[in-house]
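Please arrange chain X on chain Z, whose structure you already have, making use of the hints.
Protein chains in written order, with this note's numbering: chain Z, 1 to 956; chain X, 957 to 1424.
Treat the hints as calculated values from the structure; they're not laboratory data.
Each hint should be verified, as a subset may be incorrect.
Examples of chain X residues lying across from chain Z (beta carbon under 10 Å, computed) [what the hints assert, rightly or not]:
#, residue
1, Glu1195
2, Asn1197
3, Leu1210
Idealized CB from N, CA, C, for every residue including glycine.
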Amino acid sequence: MKRSIAVFVLSCGGLAAQDSPIEHFEKKIRPVLAARCYACHSAQANPVQGGLRLDSAAGIRQGGNSGPLKGSLLRALSHRDANLKMPPGKPLPAETVAEFSTWIANGAPAPETLVSAAKPGAKLWSLQAPMAQTAPAVHAVQWAKTEIDRFILAKLESKGLTPQGEAERATLIRRVYFDITGLPPSKRQVDAFVSSKAPDAYQRLVDEVLGSPRYGERWGRHWLDVARYADSNNDAVNSGIKYAWSYTYRDWVIQALNEDLPYNRFLQYQLAADKIAGLPTRHLAALGFLSLGRDFPKSEPETVDDRIDATTRGMLGFTVACARCHDHKFDPIPTKDYYSLYSVFSNIRQPRDLPALAATGELSEKDKLYQQRLARSRADFEAYRKRRHAEMVAFFETQSAEYEKAARDSQGLTALEKEELVRVRQLNSHVLAGWRQRGAKVPLEEFELIYTEGDSNNSRAHLNRYNFLLAQYAYDGAPPRAMAVEDVPNPKPAHVFLRGNPANPGVLTPPHFLSAIAGAESKVFEDGSGRAGLAEAIIDPKNPLTARVIVNRVWMHHFGAGLVRTPSDFGFRGDAPTHPELLDWLAVKFVESGWSLKALHRMILMSSVYRQESGDNEAARAVDPENLMLWRMNRRRLEIESLRDTMLAASEQLELTVGGVPFALSAQPAVPRRTVYSFIERGRIPGTLAAFDFASPDQHAPMRSSTTVPQQALFFLNSPYVVGQAQALAAKARAAGTNDVSRIQALYGRLFSRAATTAEVNAGLRYLAQTELQPAEALAASPWQYGIDAGGFRHFGVFANESWQGAGVKAALRPNGGEPGEGLPVVWRFTSPVQGKLNIEGTLRHGQGAVVYGDGVRGRIVSSRVGELASYSVNGSSAETKLSGLSIEAGETIDFIVDCRLDPENDGFSWAPTVRIGDKQWNTKSDFAGPRPKRLDAWGLYAQVLLQTNEFAFVD
Amino acid sequence: MSIRDLFTTRRDMLRQCGMGMGSVALTSMLAPAADLNPLRPKPAPLPFKAKRVIHLFMNGGCSHVDTWDPKPALQKYAGKPIPITLKTERRTGAAFPSQFAFKPYGKSGIEVSDAFAQVGSCVDDLCVIRSMHTDIPNHEPSLMMMNCGDTRQVRPSFGSWLTYGLGSENENLPGFIVLCPDGLPTQGNQNWRSAFLPGAYQATHIDTRETQIEKLIENIRNHATSRPGQRRQLDLLNELNKDYQERRQNDAMLESRVQSFELAYRMQMEADDAFDLTREPASVREMYGDGLQGRQMMIARRLLERGVRFVQVWHGAGQPWDSHDDIKTNHGRLARECDQPIAALLKDLKQRGMLEDTLVIWGGEFGRTPTVELPDLGANSGMSNGRDHNPYGFSMWLAGAGLKRGYVHGATDEFGFAAAENKVHVHDLHATLLHQLGFDHERFTYRYAGRDFRLTDVHGRVVKELLA
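The following block holds chain Z by itself, in its conformation from the complex:
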């Protein structure tokens, strides 16, 4: 063994000869120390093991409890001494041990500044300031209309490649429209552009689309992916309460883009709008960026981590969250940088009353009612706290003897020992800590420190009730408010959590910017949480990342791939830019233009690169199969938002209302609004969106993945949405033409903004001739109808999220129960298909959870022939709804009615009655169904096929 080490030393010594001893240390030793040793042998270890620190030159010189490194290190690494095996677990590979031999033989050199974790960050391209670039010279000067083109072309020419020519005008206008607005041009717009003789026709087209309010709706959605936007904190299973005002953030983003708010302000307002004097109130909505992420009620570190991650990856393209438990493994982000940002984002909270975004005039009756309920909800919670606080204090008083003894026994114990004592004796540590001063009399403000797990659950239930009410109010049309944040009154800087463990505090980390950018001595942000300072640092024109990251994102959305293909990771592990000079040129121009996104779009759209054909070029493909050099335009598949919106546009149903309360995507009949305004439930993305690679709002999403799965095809084949759109389109086509050929042409015009070819017309005619409407299969008619009692039975208008609902009414029926609205009882109406002996069974239940409020619900069973058969009131209880020995006539209706009694709050109930007549039976739950599916006639089926085509789904 000894000999083999010697051999290694020799052979490695040869290698080391090329590197200086310090370089050898940096390359071969330090990474191993960081990965395998620092957990126990560095400043981050608590306590340092064996008295040995390997993160400073002094520590290395000094050695540890086992003596100098020279004698002990190799013995430990060899794992031959049973008492000294290092690192624990698997020994290091022989070749690594050999590197350590070399290092020891060299005299164990280490740079004096070792501890500062100064990584070779200076060499990372993205941390160098973008340089003003001159576009290179090119041969095909005709093609290269703009400076952007010369950067692209120079690279292509250097590989002997030629780009594609300009796409046909019909293709071009379609590309520009989808790209900028997410919607197709009308056939008239296409025809006008194609036939225009104006030399600046294209420029005018670009200006026109960039001026459209549809631009903000499409590009706003791109930013919402970055900002992990959702309308609820979690899915409903986990008491996923809707955010009352989330939509005000979404609407702010859309409006900001439409107004071309300079990007530096766009970022600044999202981090610190409340800190900017004189800023119009409406910009407070921008702070939703900080408040709309995943909120972990039981774990602040996760909530803060989400904010750090969204900010640093989203705005800076840097993976700072990797430095949470240890210094970043690859990029120059020490752990203390992470915790300095932690200091910023942990010292904020939501204000008790969110700022109003619109002037609130006279309160309506409805407003007053909601205000009352909200106030009552707060008062209930306060009363609960007071009562339970008194009970807990009384309880601790009964334990006086134990606390008295524990207070004596715990004198002189370490924190850890005290914790152990408290646990073993099952005492409350907060009570014990204050026992000498005040005995059991813990003040009310500290209730949360002494309460039981049950109290914690109840408190959350109270809070959920309040937020639920607030959301209901918002969705019922309350004036909009900003989901703002404010600094806590006394911000406290965070400590490093050693190895990510909050119970293991390290050095204090006051708020400051990333040392890799601001330098090791970066100044501390003084004002409150430090958000204002952080925002300033991010938008500082000298910041090498911010501008590059956004121009790359914009490029990515225009071309399908960024110049840097890891758009949220500009670190060592990310991809280097394919065109670094172009990226810099764009970043510099962008800042010079006053951070104008629209100016940036215009520059890109005017380029020849963007206007290229998307056709194949075999030679180019052989050299560059991924099209990294952009020898053609990338063909793109429409995102789900565009697919869905385009169907509505084609059938002229699209409603272009801007902003407001989200709608349910699954609603039948479909809500004809743009998809960007649909409700996004975090943790339970609607199936349609999920199947089409919608960005998960659980975390910041750098880009969407692009998969092709059969669920997408099933949506086109069978979803009520597509079938409904096909039917609407067919109706328009039928009305449009006088004969089948002109009807087919009308459909092509609407869907593809072009005329159908003769072959296409013939294929259509053939199909229509072969296809007859299949006679509707005799679907067994359901005996159930779903509605409300509004002075008589009225059908629910809408089916969404697996429940029947009335538009604008909170009343709903689900498979297993429902909720009555205020003054609007919900009704299952059963119309008997037969006559016979009638039996009814079921259990009506109301109220779960610890917090009981409201007065429950009343269920009634009413026959159209006999009148009321039974009535049951339940409040946090259940009732067997059992009737027997009755008779029923065919055609007679039995209504199962549930009302909210006097108090319209907390009225969710479960009830799934079964009706038995003779040997037949029906059950509300197992029979529960949405609207009856539509069948399509030949034109509908034909229109559906056109919606399914690749031409509909792709843009050249």
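Just chain X, lined up with the frame of chain Z:
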């Protein structure tokens, strides 16, 4: 069926299904298009024993000292404090003896309580781990740990990792399916999320209480026309697409989308078949019993048989096994519901030769305390006859796929409070399961946000002692 066979079969199927005029010209481009399908079958990188996984999730936390881990000492200490205190979610008191009687089963003589008498009769096929442990005594983080390998942060689930690594052997069905009756378990979809992996690897949740196919899989049923009518639609679609494609050569995305329509078309039939339990012979239905659990185990087996990679079966919505009160009644009822169906599943898999390469996992997110839970306002119903959560020690069992049979691994302390011998952390379990599936857990990574992520993060060791 090997992957190669499967591919040939698929190709043949495409031809036979009458793709219409489009298909002939398109077959030459099948291979690149197939690459775009995230669920295409992929070979495991290392030799493997298991091709598919079924995870029976006793959510809420099954008490090990009442099922798989006999502790006579609890009887001795009944009503008295035990010399071990560990921090649990709630306050617990004295030793609380097992509420069920244990006896040895099978040739191996492994002791099982009468709560699981029928599974006990299969104990010679089981590999019982009595020394499991996890990190936190709350449901949410422990569910996340068991499913995603991390208590807090957003990480992909085990099933997502597996479908990412292996794809699905049946492209007509989702590769990762979660069965749970009556709604969702605690933590809902997060239990089977794909996190930063592409969305295609997220599980499809199926409410096994439902019997109508369209409530099982979204958009699976065509109502707009008849099946031949839909075929005619697809033929026209292929004709129009072919024309479009001829003008746009060599684009795998276009072809891939064409194929996805054909797959979806066939999926409608396949799904009908997979979920139609009336196609099972009466003897099999009888073996599983006619309860809800029998129904879901039977569906699970049919899915596994059809090449679904990962099936997770939850006992019920919420956290049914969470018996803070009345553990005798509640655990008794829950075990009665699933004992026969689980035993039937094991026998059925074995009879079909599927146990050889199917990995069966049974367990909850943690165990329960050997001490009785004390009454607490708002947390339980004020009785002293249940048990609190216990992350320090609990039991799970595995079966099939190259694991030891009739074997007990590890032990808890005298009272069953904490794992004491040959401890197995959830990370170790994950590492071992991946090993059986042909993956080195340290090398099975996905690059995201600048880091190579693993299911086991920086932890986990393969528990070689479990392997046959």
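Checked hints:
no.	hint	in the structure
1	Glu1195	6 Å, holds
2	Asn1197	5 Å, holds
3	Leu1210	5 Å, holds
Going through the hint list in order, the structure satisfies each hint without exception.
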